[in-house]
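Protein chains: 2
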Amino acid sequence: MKMKFIAWILGILWLSVSAQAETGADLWLRYQRLPSELSASYSQTIRSVQFAGSDATMAAAKDEFLAAFEGLTGKAVQQVRRPAAATLLVGTTSEKVIADLGLEDELSRAGEEGYVLRTMDVKGGSMTVVAANSSAGALYGTFALLRRMQSGQSLENLAVVESPKYDLRLLNHWDNLDGTVERGYAGHSIFWNRTEEFSELEDFYRQYARANASIGINGTAINNVNANPDVLTAEYIQQFAQLADIFRPYNIRIYMSVNFASPAVIGGLENSDPLNPDVEAWWENKVAEIYRAIPDFGGFLVKANSEGQPGPMDYGRTHQDGANMLARVLQAHEGIVMWRAFVYEPGDDDRARQAYNEFMPFDGKFEDNVIVQVKNGPIDFQPREPFSPLFGAMQKTPVMLEFQITQEYLGFSDHLAYLSTMWKEVLDADTWAKGPGSTVARTTDGTLFPQTLTAIAGVANIGRDTTWTGHHLIQSNWYAFGRLAWDHQLSSEDIADEWIKMTLSHNPAFVGPLTDMMMRSREAVVDYMTPLGLHHLMGWSHHYGPEPWTDIEGARPDWLPRYYHKASAYGIGFDRSETGSNAVEQYFSPVKELYNSPETCPENLLLWFHHLPWDYRLKSGQTLWNSIVYRYYAGVEEARHFQREWDRLEGFIDDQRFADIQFKFKVQTREAIWWRDACLLYFQTYSKRPIPAELERPVHDLDELKETKFEMLHHN
Amino acid sequence: MKMKFIAWILGILWLSVSAQAETGADLWLRYQRLPSELSASYSQTIRSVQFAGSDATMAAAKDEFLAAFEGLTGKAVQQVRRPAAATLLVGTTSEKVIADLGLEDELSRAGEEGYVLRTMDVKGGSMTVVAANSSAGALYGTFALLRRMQSGQSLENLAVVESPKYDLRLLNHWDNLDGTVERGYAGHSIFWNRTEEFSELEDFYRQYARANASIGINGTAINNVNANPDVLTAEYIQQFAQLADIFRPYNIRIYMSVNFASPAVIGGLENSDPLNPDVEAWWENKVAEIYRAIPDFGGFLVKANSEGQPGPMDYGRTHQDGANMLARVLQAHEGIVMWRAFVYEPGDDDRARQAYNEFMPFDGKFEDNVIVQVKNGPIDFQPREPFSPLFGAMQKTPVMLEFQITQEYLGFSDHLAYLSTMWKEVLDADTWAKGPGSTVARTTDGTLFPQTLTAIAGVANIGRDTTWTGHHLIQSNWYAFGRLAWDHQLSSEDIADEWIKMTLSHNPAFVGPLTDMMMRSREAVVDYMTPLGLHHLMGWSHHYGPEPWTDIEGARPDWLPRYYHKASAYGIGFDRSETGSNAVEQYFSPVKELYNSPETCPENLLLWFHHLPWDYRLKSGQTLWNSIVYRYYAGVEEARHFQREWDRLEGFIDDQRFADIQFKFKVQTREAIWWRDACLLYFQTYSKRPIPAELERPVHDLDELKETKFEMLHHN
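Those sequence lines, one after another, are chains A and B. Following numbering that gives the first Met the number 0, the numbering of the first sequence begins with 0 at its first residue and continues without gaps. Following numbering that gives the first Met the number 0, the numbering of the second sequence begins with 0 at its first residue and continues without gaps.
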């Protein structure tokens, strides 16, 4: 064959690969052919496999591996019944072939759900071992091995012991039974009010379970915390059970959000008072009914006496009364109660103080199977908040972190905001509850306080959109949440790096720039939306776009931006220092003192804790007004940078996903400009100070920007 | 009085001046108090005035001066009956006091409408003299003296002789009788279908006349060239007469656009054939009727056999037949015919060639009182065109220039495009008709060819908007047109400088930057709309915004952008060289040869004359595609620069006009971006080449930009 012809053939092949459009539906489980040097290496290390054990989870692990290996290397792998040189051996200690490996020490460190990855000698060479104490551990170990292959890491000389930092690693779906998703920006609910028969969607749900298992998610609450009581009817329990059956092999338990008023609403009881024996009896029966259908049902997630939801206080009872009644009912079945601490009422006290004030009196008074679920910040998933003071303060009650994967306040599914950096900022924040090193992570993972339960939850960004998340690149947030729930010490860069390689491309000329963009992306959103500790400036109700001016007649004042920014001719910001709401007192020293003074308060939280004059000088020497302006402008320049950088990456991935993402960056840039200009022109009506003369000028008047409507710009 | 109190008082005074809002209605005739050093100097030079002569024009000159002087200096000036030291003496040679001054030489150079400005000795000192051969000249001289004061020039040692370069200096109003203005962007017609009684508007019309007289305009055609035959009915003739009476003291004659089919349409004749004796008789009667009402009526402006208008060719006659018939009828009254050469028909021949082809056969065959009115470029008032080849080619027929003051193709009244630079580019363009130095100006002003008539016309940008022109800063185009019609050798900088000082501020920190912006403004518009010789890319019908893609079923192909840009996978541009339409052959050597080769063709006309491949290298070494991109981007950066620079000028002028203009720059910037992105993304569908990676990216897709509608963005 002539060289020219070979080149022509290769050209055709290359084109056919390059032109093959991808929809994003495969997430990070694409298992496309690896670069040849990698697939050659892996094919040499693994020439045969033995999956020891035969339960449904082991079967799932084996099926995943066989399909993945063939996809990644182009070669089917041989199954054997005993390990030899270049065998991959996967199994649990209940299998002799594993129990005899002498890995007791490692396996004891791996714990219930962990795994050991080892390269071990075997006759005629070496073999690769995935050993675990449970088939769940073997499944996670299998995915870990695949992740290594997908991200081009070496399989030589493996000596890894992994165990998850949190026992329960949950997604929360805010999916309504009518199929809408509260704060969902990726289409219809994947669970409710489907047009298809369940049987048509089994593969789809299996894909959901595989994706979650691949990152260690082991539980999912599949209906909205603003819960419809109907979810407890036989019809819905049956639907939960169908899904649980699909998820079970993937070690995923199902949880239910319940409405505290269910006994009265669907049970026909006179009330739902937790101290009413009839109420408890009703719950006992209902829970028994659930466990008959779902023997490994996880438990209840409860939003009570919060934002209009019913709760025990409706009957003069307490959070303690309510949570403990449900906990007692669930104890018999080893179920748990996740009781949310997201509570606040309009009134004299600063909203940021209220959860702490309301929950601290109950510390140590909950049943053992209650865990208090606390949002990362004291307000509500803002682009940047300080950590909630409940972390570290509740020392006698298990507390779990709730993160929001769906970008309610960070541009919906239109903006790239890689949230791992935000979550790491929270996890690594030092509460000083037990002196230095008392990070939020350690206040929740059982290493600082004795906890019977450790857990973490993320509010999912998942819907029926082909991309699952409405934006290819923010699939990374689902991925990163799972990875951090498994190990909060992973770095955001490493997570981004492996996700990019699994999902998009191995080419370093692509991975490097995109990692850099992802790492900068959340700070960019903070800058163009709410820099320097500003918060809650977004549009009324839909929470999209800037509306710092919003004033809805009769609205709860604590749902309006003015409550938070307090801009005036004097200055801007919320005084939460001792001279103000004194929210700082809820933190331990020296955090309290650091936050209390504008001199020591981190500048990125300055206006969260302080109301300062427009000419206040920051450490840079800039006035507060100019600093605000420069930050908003910096945010827009970052958005433009992302857009420009992405355009440079054309050709590295398939055209369809490239174009989809390219369009998202266009939207992000124009909305960044919208945020910047709307906020600055509005605040300027108070500051009466100019935008520094060297900066690009807004091209709309404030009045025009006030007319810009959610509906006009939003693309879902 | 304590210093502090004085400072306080001064502060109040300053504030009250600064805060005094101006509407722009006073144009450049504001006569606001001058800086004190100037008013002191002028008050010393002129302590008394004598206006010798008493006709209506002299009276108008005197009234103007007295009011202006008091406004500018804060002091009323004394009127005297004989000149003394520090007298201003104004008059014509028919007055003995002027005739005796010994200014015969100067006055002979000043001619019919010119004037002499002289500082002359008089008993006890010196006096200032404005002398002229006609009261019109005295009026112009008076305005010239005021302009010197308004723009802060010295009144010492004056020795000026001025005479206009063109005999007839006309505005053309494209005002329809229903009150709409074709291509008007400043509101309702000032002339037609008014809601007010005529008497209520007399001061307003006097203001129009004063403004025109102040810049030397001496004629106005007040109805659209797409003429309604009704204009020749007694009712409208009466309305023309009322206006003529107001304008007459200001030396402004009135002209009428006529519909060539009028004899048939309103006269009841069988046809309007110019060789039909009944038709000529009908016109004779009609013209006599007009002259009875308006003894100094100027004549007719005719758009015939052009864009669907009727004309002599409808009866198998020629432009010559039609124009000469009307000319004969008008000769008895010393009226003239301005016959427009803006003719083209869809067909095989390049539109740019057609006016030349159609009119050259008649050169030398028109009556003496016919002048052929030719648009500056061969297509239609585009942001940049080469000059029409008729200039210099028609040597035996008077040819007059038609400029467009209203910005049909340069952003309506939303964009700053100071057009003096464009007009100067045309006036100074060398046709080589009689060797080097045969500028377009000289082919029309009588210095190159013997012409019985010289004239120039500008299509007005005037409407009932308070600002007159819809944008304060483009009042300068009305002003500049008049100044250049008087003296095409004035520089655009000098015109801008005097207009800014008269209209906005004397402060050098304001005048300098604004002059710079104005001087750069038209090129900026060219860059973001139609760089490198591109043309006619604008929206269908309304001519607003970019629509290079427009394809209207059944539309005349020569009204569609594709006819002009001819973008394809190969390249872009209209080949008008010898290998193409050969439009270049209509130019004299060496212009013809320069245009014919892409190597020598000016780059700013490159794609006007050539169709070139996307990778064609320009002199810079850049490819054609990249050059187009960089020019569009440069245009947007200029718009942003204007916006930023204007913001720096806050406080120099009244708040109202500042804010009005500030808003216009916002609109201009966003529309510049719209033009850039729409054109580039559209052309990119052919070029398949990237926008260079370092450049800001478009934030909309082409499909979105195609949906952007005139109505959504236009603000009049």
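Hints listed in this document are in silico derivations from the structure and should not be mistaken for laboratory results. Careful: at least some of the hints might be erroneous.
Below, in silico cross-link-like pairs of lysine to any residue (SDA-like), each with a Cα-Cα straight-line distance of 25 Å or less [said to hold, decoys possible]:
(1) B:K565 to B:D515
(2) A:K74 to A:L28
(3) B:K665 to A:H640
(4) A:K705 to B:K565
(5) A:K665 to B:A554
(6) B:K423 to B:Q488
(7) B:K687 to A:Q661
(8) B:K74 to B:K95
(9) A:K687 to A:K705
(10) A:K665 to B:S626
(11) B:K705 to A:Q661
(12) B:K705 to A:E602
(13) A:K705 to A:Y562
(14) B:K618 to B:L694
(15) A:K665 to A:E695
(16) A:K665 to B:L694
(17) B:K687 to A:Q655
(18) A:K423 to A:Q655
(19) A:K705 to B:E706
(20) B:K122 to B:L65
(21) A:K665 to B:R108
(22) A:K665 to B:H699
(23) A:K687 to B:K565
(24) A:K433 to A:T465
Over 10 Å on every C-beta distance to chain B, these chain A residues come out as not near it, computed from the model [stated by the list, open to error]:
(25) N175
(26) R639
(27) D646
(28) D653
(29) F664
(30) R669
(31) V698
Just the calculated beta-carbon pair ranges, DEER-fashion [said to hold, decoys possible]:
(32) A:Y569 to B:A658: 20 to 30 Å
(33) B:W558 to A:D177: 50 to 60 Å
(34) A:L617 to B:W558: 35 to 45 Å
(35) B:A692 to A:N356: 49 to 59 Å
The C-beta atom is built at its ideal place from N, Cα and C for all residues, glycine as well.
- prompt: Are all C-beta atoms of chain B more than 10 Å from that of R639 of chain A?
  reply: violated, 6 Å
query: Do the alpha carbons of K665 of chain A and A554 of chain B lie within 25 Å of each other, as the hint requires?
result: violated, 34 Å
message: Against the 25 Å threshold, does the CA-CA distance of K687 of chain B and Q661 of chain A hold or violate the hint?
response: Measuring from Cα to Cα gives roughly 16 Å; hence the hint holds.
field: Proposed proximity, L694 of chain B with K618 of chain B (alpha carbon, max 25 Å)
entry: holds, 21 Å
- prompt: Regarding the pair K687 of chain A and K705 of chain A, is the alpha-carbon distance no greater than 25 Å?
  reply: Status holds; Cα separation ~19 Å.
- request: Run the C-beta distances from F664 of chain A to all of chain B and say if the shortest one exceeds 10 Å.
  value: Given a closest Cβ separation of 8 Å, the condition is violated.
field: Pairwise hint evaluation, K565 of chain B against K705 of chain A, where the allowed Cα distance is 25 Å at most
entry: Violated, at roughly 41 Å.
task: Compare the distance between the alpha carbons of K423 of chain B and Q488 of chain B with 25 Å, and conclude whether the hinted pair is satisfied.
output: Since the Cα atoms of K423 of chain B and Q488 of chain B sit roughly 8 Å apart, the hinted pair holds (cutoff 25 Å).
- prompt: Can we trust that D653 of chain A is non-interface, i.e. its beta-carbon lies farther than 10 Å from all of chain B?
  reply: holds, 18 Å
field: Restraint status (C-alpha distance of K565 of chain B to D515 of chain B at most 25 Å)
entry: Given that 25 Å is the threshold and the Cα spacing comes to 35 Å, the pair is violated.
message: With the threshold set at 25 Å, check whether the alpha-carbon distance from K705 of chain A to Y562 of chain A stays at or below it.
response: Roughly 19 Å between the alpha carbons, so the hint for K705 of chain A and Y562 of chain A holds.
field: Pair hint K705 of chain B and E602 of chain A, alpha-carbon separation not exceeding 25 Å
entry: Violated, at about 44 Å.
Against the hints set out earlier in the document, violations occur for numbers 1, 4, 5, 8, 12, 18, 21, 23, 24, 26, 27, 29, 30, 31 and 34.
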